[in-house]
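Protein sequences, first through last, are from chains A and B. Under full-length UniProt numbering, the residues of the first sequence are numbered 1 to 1335, in order. Under full-length UniProt numbering, the residues of the second sequence are numbered 1 to 193, in order.
In short, the hints are calculated from the structure, not lab data. Think of the CB as a built atom: it goes at the ideal place given N, C-alpha and C, for glycine as much as any other residue. Hints may contain errors.
[As the list claims (entries may be wrong)] Pairwise CB distance ranges (calculated):
| id | chain 1 | residue 1 | chain 2 | residue 2 | range |
| --- | --- | --- | --- | --- | --- |
| 1 | B | R125 | A | D820 | 33 to 43 angstroms |
| 2 | A | V24 | B | R125 | 29 to 39 angstroms |
| 3 | A | S915 | B | E48 | 15 to 25 angstroms |
| 4 | A | L452 | B | K74 | 32 to 42 angstroms |
| 5 | A | K127 | B | E139 | 38 to 48 angstroms |
[Claimed, not checked] Computed list of lysine-lysine pairs in BS3-like fashion (alpha-carbon distance at most 27 angstroms, straight line):
| id | chain 1 | residue 1 | chain 2 | residue 2 |
| --- | --- | --- | --- | --- |
| 6 | B | K113 | A | K271 |
| 7 | B | K40 | A | K910 |
| 8 | A | K76 | B | K59 |
| 9 | A | K839 | A | K810 |
| 10 | A | K271 | B | K185 |
| 11 | A | K143 | B | K131 |
| 12 | A | K825 | A | K803 |
| 13 | A | K825 | B | K40 |
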Amino acid sequence: MAGASRDQALALLAAANNHGDLAVKLSSLRQAKDILLAVHPSFAAELFPYLVELQSSPETLVRKSLIEAIEEIGLKAMEHSSILVSVLLVFLRDGDSIIAKQSIVSGTNFFCSVLEELALQFHRHGKVERWLEELWVWMVKLKDAVLAIALGPGPFGVKILAMKFLETYVLHFTSDANDFEKSSIEGSGRAFNISWVVGGHPVLDPASLMSDANRIIGVLLTLLQSASSLSGCLTITVVNCLAAIARKRPHHYNTVLSALLDFDSSIEMVKGHSASVQYSLRTAFLGFLRCTCPTIMESRDRLLRALRSMNAGDAADQVIRQVDKMMKNNERASRDARLGRDDPPSSQLSVPGDLFRKRSMHQDNEEPTNGHGMTSKRIRYGHNMHSASHVQMSDSGQDCASANGVSPKVPLLDNDLTPVEQMIAMICALVAEGERGAESLEILISQIHPDLLADIIVTNMKQFSKVLSSPIGFGNLPVSGQTGSSSSPATAAPTITMQSSVLPAQVPFSTAAATSMAHSEMSTVINLPPDSKRDPRRDPRRLDPRRVGVPVGLQSVHMVEDTGAIQAEFDGSISLSKPPSLPVVTSVENTSTSLVSKTEGDDKILKNALISETDQPISREELLDGAKEVDHIPEIGATSDAALSPARTIDEDSAAPESLDIAVADGADTSPLIETDQHSPARSNTYVSEETSIDLPLPPPYVELTEDQKIRLKKLALERIIDSYVYSRETDCSHTRMALLARLVAQIDGDEDVVVMLQKHVLLDYQGQKGHELVLHILYHLHALMISDSVEHSSFAAVVYEKFLLAVVKSLLEKLPASDKSFSKLLGEVPLLPDSALKLLDDLCSSDVTDQHGKVLRDRERVTQGLGAVWSLILGRPLNRQACLNIALKCAVHSQDDIRTKAIRLVANKLYLLSYISENIQQYATDMLLSAVNQHISDPELSQSGSSDQRLEAETGSLETSVSGSQISEPGTSENDPMKGSQSVQNISTVEFHQAQRLISLFFALCTKKPNLLQLVFNIYGRAPKAVKQAIHRHIPIIIGALGPLYPELLSIISDPPEGSENLLTQVLKILTEEKTPTPHLIAIVKHLYETKLKDATILIPMLSLLSRNEVLPIFPRLIDLPLDKFQDALANILQGSAHTGPALTPAEVLVAIHDISPEKDGIALKKITEACSACFEQRTVFTPQVLAKALNQMVDHTPLPLLFMRTVIQAIDAYPTLVDFVMEILSKLVSKQVWRMPKLWVGFLKCVSQTQPHSFRVLLQLPAPQLESALNKHANLRGPLSAYASQPSIKSSLPRSILIVLGLVNEPHMQQSHPPSSLHSSDTSSSVHGATLT
Amino acid sequence: MKFRYAMVCSSNQNRSMEAHSLLKKQGFDVSSYGTGAHVKLPGPSLREPNVYEFGTPYKHMFDDLRRKDPDLYKRNGILPMLKRNSSVKTAPQRWQDNAADGPFDVVFTFEEKVFDMVVEDLHNRDHVLMKTVLVINLEVKDNHEEAAIGARLALDLCQEIEATESWEDSVDDVVSGFEKQHRRKLLYSISFY
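Can you make the complete structure from the sequences, with help from the hints?
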């Protein structure tokens, strides 16, 4: 078995070495590997030399596979693997980076396994085998080689892995402080660290190995320092490796951190992609922040500073996440809140035995600012966790208790706390941590969402007022006196309710429990130990409005404020350090104490009020209001606080004097303005407040403000905030500002002034978008109130909301140009659009807007703006969609053209495409169309005196003029019947036309989008009144033009037109054929229509130019049968023809065709035919003498001769006397055809002859004698001249005797008798000839 | 294609899927993930997003939203997007929960926050394979248009990376060149599997 597999393996290895095919090589190697793995290590070892031979294989892939095989086999047969490891060493220097990389990877694995084996072997057996020692020597060589790679030149990919190896190496040879936890969790080979190595190990010397590891760290640090010569990716790798080491090996954390911080400050030097390099630092620092290891925790400040300087806003998230964590801790802590404090938190130096506790305390205290990764990391603290957390809970419980001063209730109620209250609790807890918490607090506040922050402030206000409203008696001291300010206590009610509506969640508190709750909360906020009089109260009370302030640049305020905070927090920690002074007190005591402390606070407030509002007598009843008023002030303070927190921390030492300076400056500037109050809180600091309290006379405990004062204060507060905008645009506090403004506006019941003020402010800033944001903020807040539970407030808020929105919207319209998008943007983004806003929009779009002077402003731009807004609202506000659509539709039938056009463009081009409203639009347009039709039918029909015929005439007339200006139409058609009424009809129709136009335009606009709507137009056309038809005719060309002739819908309508729509159809066809050649398809449709449904040849007229001669001829009689004007059209088309085919018929052919029509056979009145002929003759440019001659020439050969032939001849000679010779020829031909046998023609012949004398004499003389006789009898006037002519000797000689007898030239006496009457008749004949043309 | 790619955004819906879809079409070996806690899709308002668990099939979301308000979700492109997504793979996958998907060579993220999470997650894993992975952040706004642009850029970048002998040697140049050419900021980091 062994032998067989040995042979097989040998064969395979040989193949892997020598085979020509790479795939075979690889698979052979794989199979060989499998065999080697399967057999006993000692057997396998025999084959190792053969395996090793493969290292010289030229193929990269083979070598790579070889490394993998070596790793697998070597690890299994470790005893024999030193020969294999030597291959790895060789490959480390392989030219191909893939091989080098793979050998580092495999080498690392080897290294770890060997190391573990070394440790374990000694551990188990107390000795280390020789082969292992040998292997270790190889490993050390390997390490050195890799280190050389890391430091030397080479492909970066390899160097990166080399650095990773170094990281692993360092981790292995540095002790893991947490190893007892780690090993239990991870347990894998990776968890090896030097602490596994038992002392006295024959091979491994922990001390030297650790120092080697330190050396490697040094190498990495040096690499980092020389980053300017490294590539970016190497630098990043170094940073990552160092960070990993620092995180896992706290011993080295400080070294690494300093190096990284140094590196951070010299980041510009870096080569490669510096943004990414810096980001790797950021990642490293954030990673550190997530660690819970004490060493790392201690450096948090440095980390935060570094992170902030690189704008790592991410830290924010973490703090927030920790906040959650802390919240949970608070909850837990609350359960143990009453536990005694036997372990003061200040005892940082704990005995070694206390290690865990210490750590956990750290954790607990630091958590607020700590990384979120804690959850996962904490698990590593494993089994100790439980006890630790226990201690920790009690700890924080104490903290909390001390921080809150006296609030055992807080914990009890904790579970029901709203987020706001939780935040307050947390802030308080942070404050309680004193100095340590200061920065965290700062971060926390800077990261609180503006809305939440504002809520916190407003909630605090509520506490104030509640506390104050509790029935603790204070003398009611007239503090200030504003004359005549009387007020009713009832006014207090709305304010309170308002506050509670700000935070709906707090509604429960208004129950009986409210008071006590309020106390506890208050104390949370204020967090003042009752025993420390001068006290951490300053902390929230840095908002204390005690100092008469002067508006100072906000920046400086911030700085000072910061100091104030720090000092206050410092105070807090002082109070913490007085543990014994904090006995556990009952809730009753708490209440009273907090009230007392509260009172103190109020004292100060009142003092302040005294200063600032001197002469304002305040009545006792207004206690509550007064408090509330003052409460605005803290709000502002908090705002600026939040604003400053992102700012850099200021060194306490330097800041303190600074604040003093400012206080002094303030003093100089002091002016008794109320507004100043609002700034002063931002600057409270120990210094000044104490001074003030000394300087001031004993303050009255309460200030009660009148309603007026209240309002004034509110406004002033608003003004302040708004004014401060101007200065603070660059700061980050704008969000908080907005949130606060929103809440304030909600509290001030829609006062006009306030609205105006805000309006101005908003406009001022609108361009910068700040105004917009602010408005939205306020509106959203109001809206939130509106939809809150309380009916009372919601209606109130609704009023304010509407008022404010309208005011802003109006001012936007007034102040900003119409092209500004702010208007529609605002409407689109506000939480709710009240009806009044829609009304305004409606007015803007469609009604006349008047300005202040009553002048009508009809600005087209504004209409566009309004419609634009409507459009965006339809898109963005499903709730208001219908209302907005109605506005748009209303405009679309507006009587003013420009508005209508704009609206129609919007509706048809934009809105109609929206599937959800297209139905509505279509319906509306249809309704309008129908209403136009119906309304008109009723009215104008009555007003029109004429018959329907007459109307029809007028209609066609207008059709012609409006549509076919180019056509040769008789201009007088419509005036052909100039009835008296027609003029008035004309007048009415202008009005009606406009009306119709107004109503149907929209529909037509839609038709261009949806051609099958045209069907309806055709359907109603028949019954539509004239004005509507006229309007339709006006529109049709446009729409047809837009659709193009190929539109299937249109074609289908054409193929089956509804009754009554023939005129329209004709127009459509005319338009279709006017510009371009109609398609064969269209022609086919029309022809089909003509043949089947609609016998009216009118529809064919537009097509005629495209029909061939053979097509035209059959329908020619029908064309003749049309009214004259239409025939004229047809004629024009026929003659015109198309560019390609030429005319269907030549003019001569037309004439012939006309003549070929037989009245009997074709059922056409002769009159029609004669009219047609006349029509031809009218076109003298077309029907030239040549044409006539040609036609006549053709016709004369026809048998039978056309009925009207002679008439045409007469007309021809009449029109063109020059044709006389030609006509004579014709006449001669007729004579030869025995024209006298055709009675009707004979008459005409004679007429013609008589008319054309004397030219016709020759022809006359050609007649046989009897016919001549009869001719002369009929036209006696011919006789004389003819005789005279014939008597010329040359002619006479050629004449037969019979003729001469007829002429009386042969002296036949009875012939002579007819002579006299001939002269008598001559005038008659001429007149009759004249008449012939007219018949 | 010699590398294995991962596209990561927060919900594994828009940006990462756009890129996934595009790269897949181009024949890349690509997967996609999200790093968020949940899959969030826009709802009727900002405050009412539609929230799903990772692993919920796109098809399911599609049906759900179509039932809720077909017009809205069609108009804002969510339905088309989901449809596209379901043609790429079954369901959104969470990056952190799919470590077992094995080593990628290049991971693209489309948001700094996501980049942070991916890098942090990689750092916290045990680097057993010692296989380097390049994580690149290309900031892309989370809307359809930008996602489309972002995906094309990602593709460009992938192609450039593919074209290099070994990305480690040229990543600085590639990244800087890309930034110059497209005027987009990139971040990259290196981690291990």
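Taking the hints in turn, this is what the structure says about them:
At roughly 53 angstroms, the beta-carbon separation of R125/B and D820/A lies outside the given 33 to 43 angstroms, and the hint is violated. Range check, V24/A to R125/B: Cβ separation about 37 angstroms, and the 29 to 39 angstroms hint holds. Range check, S915/A to E48/B: Cβ separation about 23 angstroms, and the 15 to 25 angstroms hint holds. Between L452/A and K74/B the CB atoms are about 36 angstroms apart, so this pair conforms to the stated range of 32 to 42 angstroms.
Between K127/A and E139/B the beta carbons are some 60 angstroms apart, a value that contradicts the proposed interval 38 to 48 angstroms. Using a Cα cut-off of 27 angstroms, the hinted pair K113/B and K271/A holds, with the two alpha carbons roughly 25 angstroms apart. For the suggested pair K40/B and K910/A, the alpha carbons sit about 31 angstroms apart, so the restraint of at most 27 angstroms is broken. For the hint linking K76/A to K59/B, the alpha-carbon distance of about 48 angstroms lies beyond 27 angstroms, and the restraint is violated.
With a C-alpha separation of about 12 angstroms, the suggested pairing of K839/A with K810/A holds against the 27 angstroms cut-off. Distance check on the hinted pair: K271/A and K185/B sit about 17 angstroms apart at the alpha-carbon level, within 27 angstroms; holds. Among the hinted pairs, K143/A with K131/B is consistent with the structure: their alpha-carbon atoms are about 18 angstroms apart, no more than 27 angstroms. For the hint linking K825/A to K803/A, the alpha-carbon distance of about 18 angstroms falls within 27 angstroms, and the restraint holds.
Note on K825/A and K40/B: the hinted pairing holds, with a Cα-Cα distance of about 26 angstroms set against a maximum of 27 angstroms.
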